[in-house]
Amino acid sequence: MLNSKRLVLAHFWLAFVVFGLALLLGEWQMFARSPLNPGLGNSDWYYRSVTAHGSAMGYVFPTLIAMGFGYAITELALKKPLIGRRWAWTGLAMVAVGAVVALIPVSLGLASVLYTFYPPMVGNPFYYIGVVLVVVGSWIWVALMSINMIVWKRENPDKPVPLAMFANVAGAYLWGWTAVGAAIEVLLLILPVALGFKDTIDAGLSRVFFSWTLHAIVYFWLMPTYIAYYTIFPRAIGGRLYSDAMGRIAFILFVVVSMPIGVHHLFADPQVGGGFKFIQSVFTAMVSLPTLVTIFTICASAEIASRLRGGRGPFGWVKALPWGNPMMLATTFSLLMLGFGGVGGLINMSYQLNTSIHNTQWITGHFHLIFAGAIVIMYFAIAYDLWPHLTGRILKTGRMMKAQLWLWFVGMIVTTFPWHYVGILGMPRRMAFYDYANPEIAKQAFSVSMSVVGGALLVVSAVLFFTILIRGHRAERADPGEYRFAQAVHEPVRLPAALNGFALWLTLMIGLTVVNYGYPIAQLLALGSSTSVPAVYVGAPQ
Amino acid sequence: MKTEERLFSWRNSWFSLSLGGTAGLVVLSLIAGFLVLPYATPNSKLGSLWDAICSAAGVPRATAPSEQVAPTFKTSAVVMTSQMPGPTDTRSVGRGATLAMQCAICHASGRHSQPDTPNLEGQPAAAVYKQLRDFKAGARVNAVMTPFAINLTEQDMIDLSAYYAYLPRQPGLHPDAGVPAPAIVIRGAAMRNIPACSSCHGGGEVKAGAPWLEGQSAIYIKAQLQAFAGEHRRNDISEQMRNIARRMTAQEIDEAAAYYASRP
Numbered sequence: 001m002l003n004s005k006r007l008v009l010a011h012f013w014l015a016f017v018v019f020g021l022a023l024l025l026g027e028w029q030m031f032a033r034s035p036l037n038p039g040l041g042n043s044d045w046y047y048r049s050v051t052a053h054g055s056a057m058g059y060v061f062p063t064l065i066a067m068g069f070g071y072a073i074t075e076l077a078l079k080k081p082l083i084g085r086r087w088a089w090t091g092l093a094m095v096a097v098g099a100v101v102a103l104i105p106v107s108l109g110l111a112s113v114l115y116t117f118y119p120p121m122v123g124n125p126f127y128y129i130g131v132v133l134v135v136v137g138s139w140i141w142v143a144l145m146s147i148n149m150i151v152w153k154r155e156n157p158d159k160p161v162p163l164a165m166f167a168n169v170a171g172a173y174l175w176g177w178t179a180v181g182a183a184i185e186v187l188l189l190i191l192p193v194a195l196g197f198k199d200t201i202d203a204g205l206s207r208v209f210f211s212w213t214l215h216a217i218v219y220f221w222l223m224p225t226y227i228a229y230y231t232i233f234p235r236a237i238g239g240r241l242y243s244d245a246m247g248r249i250a251f252i253l254f255v256v257v258s259m260p261i262g263v264h265h266l267f268a269d270p271q272v273g274g275g276f277k278f279i280q281s282v283f284t285a286m287v288s289l290p291t292l293v294t295i296f297t298i299c300a301s302a303e304i305a306s307r308l309r310g311g312r313g314p315f316g317w318v319k320a321l322p323w324g325n326p327m328m329l330a331t332t333f334s335l336l337m338l339g340f341g342g343v344g345g346l347i348n349m350s351y352q353l354n355t356s357i358h359n360t361q362w363i364t365g366h367f368h369l370i371f372a373g374a375i376v377i378m379y380f381a382i383a384y385d386l387w388p389h390l391t392g393r394i395l396k397t398g399r400m401m402k403a404q405l406w407l408w409f410v411g412m413i414v415t416t417f418p419w420h421y422v423g424i425l426g427m428p429r430r431m432a433f434y435d436y437a438n439p440e441i442a443k444q445a446f447s448v449s450m451s452v453v454g455g456a457l458l459v460v461s462a463v464l465f466f467t468i469l470i471r472g473h474r475a476e477r478a479d480p481g482e483y484r485f486a487q488a489v490h491e492p493v494r495l496p497a498a499l500n501g502f503a504l505w506l507t508l509m510i511g512l513t514v515v516n517y518g519y520p521i522a523q524l525l526a527l528g529s530s531t532s533v534p535a536v537y538v539g540a541p542q
Numbered sequence: 001m002k003t004e005e006r007l008f009s010w011r012n013s014w015f016s017l018s019l020g021g022t023a024g025l026v027v028l029s030l031i032a033g034f035l036v037l038p039y040a041t042p043n044s045k046l047g048s049l050w051d052a053i054c055s056a057a058g059v060p061r062a063t064a065p066s067e068q069v070a071p072t073f074k075t076s077a078v079v080m081t082s083q084m085p086g087p088t089d090t091r092s093v094g095r096g097a098t099l100a101m102q103c104a105i106c107h108a109s110g111r112h113s114q115p116d117t118p119n120l121e122g123q124p125a126a127a128v129y130k131q132l133r134d135f136k137a138g139a140r141v142n143a144v145m146t147p148f149a150i151n152l153t154e155q156d157m158i159d160l161s162a163y164y165a166y167l168p169r170q171p172g173l174h175p176d177a178g179v180p181a182p183a184i185v186i187r188g189a190a191m192r193n194i195p196a197c198s199s200c201h202g203g204g205e206v207k208a209g210a211p212w213l214e215g216q217s218a219i220y221i222k223a224q225l226q227a228f229a230g231e232h233r234r235n236d237i238s239e240q241m242r243n244i245a246r247r248m249t250a251q252e253i254d255e256a257a258a259y260y261a262s263r264p
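Top to bottom, those sequences are chains G and S. The opening residue of the first sequence carries number 1 in the working numbering; numbering runs sequentially from there. The opening residue of the second sequence carries number 1 in the working numbering; numbering runs sequentially from there.
Isolated chain S, as found in the complex (with noise of 0.2 angstroms):
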């Protein structure tokens, strides 16, 4: 529709009257949301007005430096990757062989370790490097255990590991495919925030460093979880399976150590 009428012109009231009006809403909600209502909220601190705008405005403040606490014990050291523990080959296997010589005593190879150790035979090489870093640091401590891990090379441990890893998996002392899987292994417990088991433990899927459990001595794994629980074992490195096992019943603690123990 054609009109002589300039639209942009503050002679036109649409024109006046609706920049005015947003005009004046903006300079009411910036008078309000930068100057009255930063000093509104309890608590503020802020000193100058100058302050209070930035703080409205959301420029960022560098926090207080805050002491950190030294934990009293020893915590892991070691920094997973999915490339851990680096590039092996046949070599390292046969070496690894080796020197699992001393280890079988325990952890037998070809038959089932004791009910109170765990199966290595074809445990991911992250899993059990982990564990032998850990020993050696300290950060994991077992009579039995720590003193063999003390004296192993950074080679030896990753031989060992690409060794056991090398192993086929043996099947569980009592297998049983037809056990269903408890509500734990397959879905956890949402509301306690407890992932489900096999979404790294096998089952579901295994994240790197986190041991296969399907096969594994159902004294083993029901130790481990109470150990957890109990601040025995610290060295998982983000307190997960502290947070997880503190949280899990007995019930669930002795199903799922069942469930697996019967995995093949």
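With the rest of the complex left out, here is chain G (with noise of 0.2 angstroms):
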């Protein structure tokens, strides 16, 4: 059942409208910065664009994903319609306001400043505004999730809450408690002085809000993806689930341990000791747990649905799964994009390792395999599950949804093992131009090269999305019959509390929250103006 179609489909087009716009972006950056450019004569071109590419890639399409995917899950898994329309409209209207709020300074050239935002440079206001305001639209959607659950749970005493939902809600409060770091660090330290009212600013206190948000945002992305895994997965394959319970403590333990993990970011910056960057460091090591769970669920769950399909042997039954189903191949090359750029992340997270790439292009590259690559294919996907349901009309354009998935694939790998490689010959991160003259770089050339052709195949499979899209609206009505979300081995009769809600869970976040970053943030407010440092305007009149 899914009253609210119009909604639903409102964000999935609003979020792919602004993906397949700063996608273009993405590929010209690959290429104004490669050897087969001569050189820009403007390097701000270059920041301009990357801060509108990140800010729409980053805070925008993956948040709008969410949002539309948990209004659909909140119908489809709950089977009643959604509470609080109304705003969630708001929520929207306030997401596509902020966008555009946001990306007009920057496309002006009046906000270079990095959807990281990197002060002490400090941009236009309306810039912070817009994103503020992105913000704010999706807390909405974090507490319609909230409501309805809890409404549901009311409602429902004697059931469990249906794991998609659980694993929804999961992914709201993640993200509600997310954010807080990056909107003090907006609204309190950076909107003073781009509004006027300061000049200096504490660029270290700043960083440390800002990792608060920019380690576990990346979590918030894979949710969507992770319950794919879970929940559309093993049906679309027909098979069940392995376990229900697993799932339920995988999104548990991202709930708990990914958020308290960002100093890991902040590695090489001095304001943070290195105790705590050491305790930081171990917790990031916990989130690879929720990961591994994951992978091996959603494999046991796939050789349940081999062996029922009759495959057999040990090794046998990879054989016998259903290669031509478009979502047993987005899920393979997800898991493969996944365990490539988790084990770059474990380079990431020691704090010796990272010492050898940070900063580097190795960075871009490891983001960009987890978000573009495992996360974003697992959007398409969804698109390709939702599509008929959302539009009443037959998506049947298998061949060419393979086609696209594959050349996501090879496109994404294509695109960051270069990427990853130049990181680790050291090439510098959040450059507009590099000499390739030079003896020392020239032999990167060629590997930046090879990421400007891989960039060429994203864009090419992004246009095969957009058509098999747009056919969808265009095909023959067809009833598409109840949505089912996936079904487990066991399905849960009875759950202890703790796998039925987020008390217990809320709790560990925040205490761990404070464990971990209480003193730093503490230290640093102690230390008062003192390590505050002149602002930088970008786009200022010198």
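Treat the hints as calculated values from the structure; they're not laboratory data. Cβ atoms here follow ideal geometry from the backbone N, Cα and C, with glycine treated the same way. Accuracy of the hints is not assured; some may be wrong.
[What the hints assert, rightly or not] Below are the DSBU-like pairs computed for lysine-lysine, each with C-alpha atoms no more than 35 angstroms apart in a straight line:
hint : chain 1 : residue 1 : chain 2 : residue 2
1    : S       : Lys207    : G       : Lys198
2    : G       : Lys443    : S       : Lys136
3    : S       : Lys45     : S       : Lys136
4    : G       : Lys159    : G       : Lys5
5    : S       : Lys222    : S       : Lys45
6    : G       : Lys153    : G       : Lys80
[As the list claims (entries may be wrong)] Covered stretches of chain S (in silico footprint by chain G; criterion: 3 or more residues with CB under 8 angstroms from a CB of chain G, positions within the stretch not fixed):
hint : segment
7    : 29–38
8    : 52–64
9    : 187–199
Two independent chains are provided; combine them into the complex using the hints.
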């Protein structure tokens, strides 16, 4: 039962339009700083583009997908209309207005501060106000998800919350708390400077607050992907979910440990003590747990599906999987990219190994492989899965879907592997221009050019993706039947309170935040203005 | 799902295990991060355990006082601001015009200066003012220029810079707008830490205190770059021009000089 089809479609379409535009900027950036381009006359264009690409891809696109998918899950899993549909439209409007308000100063060159803000650089205040609007719009979604689950639990005291909804609310709570760091940074530290009330800024404290958001935001982006692994993939390939409880534990682990670990982004920063860097490194290692649990559970679910189809032998079952199924293909590619990206991530989180790749192109390669690769390919798969239910029409371009998924996978590997490699060679990130005539970096020219080729494949894949979706709106009408989430081998009948709610886990999440962030923040606050530096206004007349 | 179990109770194994496990992990990493690892750092000069804990927590320590090495030469004492050299009016320009009579022998007015002296017409006031201050203080030395500058008062220097800023900029001696800008002028050389000339000296942007180079003689630009590179001229406040000039190739110096000389 999907009542709010227009609401969900509006979220998805706005998300994908933003994604399409930002993807073109991304490919242009790959080209602009490659040896294929003789060099930009004005590097400001590059930084404008990076800021727009990052803000659109980081703040707007995945937020809208999580919101739209979340509304769909609420109605499909709880089997009742969404409570607060008007508020949901308000949230969408805020995200849309926020995105426009933020991107106008960026395109005018008044806020080329990159989406990670990087104080003491300070841009036009409307950029930050736009980002705040996007976040506040998404907080409406957080509240709605929570309210819908609580009301449903009250109405159904004897039933366990369906896994899809449980995971969806986990993502919402995670985002609600995660976004607080950047919100504090923007509202209390950056905006007063951008608006001209102050002309110095505590760059170190700002970076600590941003790290609060910066790492867990990736897990917020990841949530729809993991929800698709657990609740769509096993059904789509004709099997069952291996374990419902494993899924709940994985999502709970994300809620608890994915947030108080962001200081591993600040390993090279002097304002946080080595002891806190070490603790957060340990907890970063803990985030691999839910991912390992997930890889095990999803592979086990695939094996169940294969054996049901007649797959035999210790490895022979792999062949019997439905490889022609787009969801099978997307999930495989996603897990492969997650594997490569995850292994790279272990290097990033290690306090020592991090030194060799810190601030190099390795990092950009890493987060593109995880986000643009493992995560976004499942956004495509989610759209393919939901589209017939949203449009009431058949989505039957199976071959084109497979081509699109293959192109995205190959394109992403061709883009990000050379990117990692030049990072190991020491190529710095966030630079508009490299002098490839310099013998020291001449050998990186080939790898950087390869990334441009990979980016072109991604653009072609995106064109196919849009073609499939638009065709889906024009196809003949057909009843897609009732939407089903995957059933577990053992459907939960009774659950311990801990696996059916979030009270304990939110307490742990906030407690760990206080332990891991309390002292570093308190110390910087106590040092007061002595740690502030003059703001550098971007795009201001000299 | 309504259950009778109490979640926040030590008897609930979900509560006790998750809280105990998390707290245990925190304690273990605290011990490792605050007590063991500080001493494992090579060359750590930590005294007591408390020092180790403070160091791991990131408590700021006062750095050991170090002696400042005084330069053996005079450095520029001018602090540049975007408001320099201060408010001027037409009377200031008029006084400057009178004072400039003594400059005209080299910095000709209304026609081109000699190739080894800069064109001053239309220069930003801050640029002329800063150089005069440096000549007077001895931070920049020139056998011809220094004797003139030594006798100037603060007001004289403000008036002179106001006068030259008031004059229209003179076109280059051989203006040729068709010459494409060399890479060093529009892009610099990022890998050698050289910013684009045009990011401070005109063409792209003018920064406070930097002279406008378009229309200057190639001989003068080249001589100054060589002076910066060879440490004969050291009045750039943060050593920026010395660092840039040292890293420029002879060819880049020629290209930049020729390009700016050809600009109108």
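Exercise for review: Hint by hint, work out which the structure violates, then give me just those numbers in ascending order.
Suggested key: As far as the earlier hints go, 2, 3 and 5 are violated by this structure, in ascending order.
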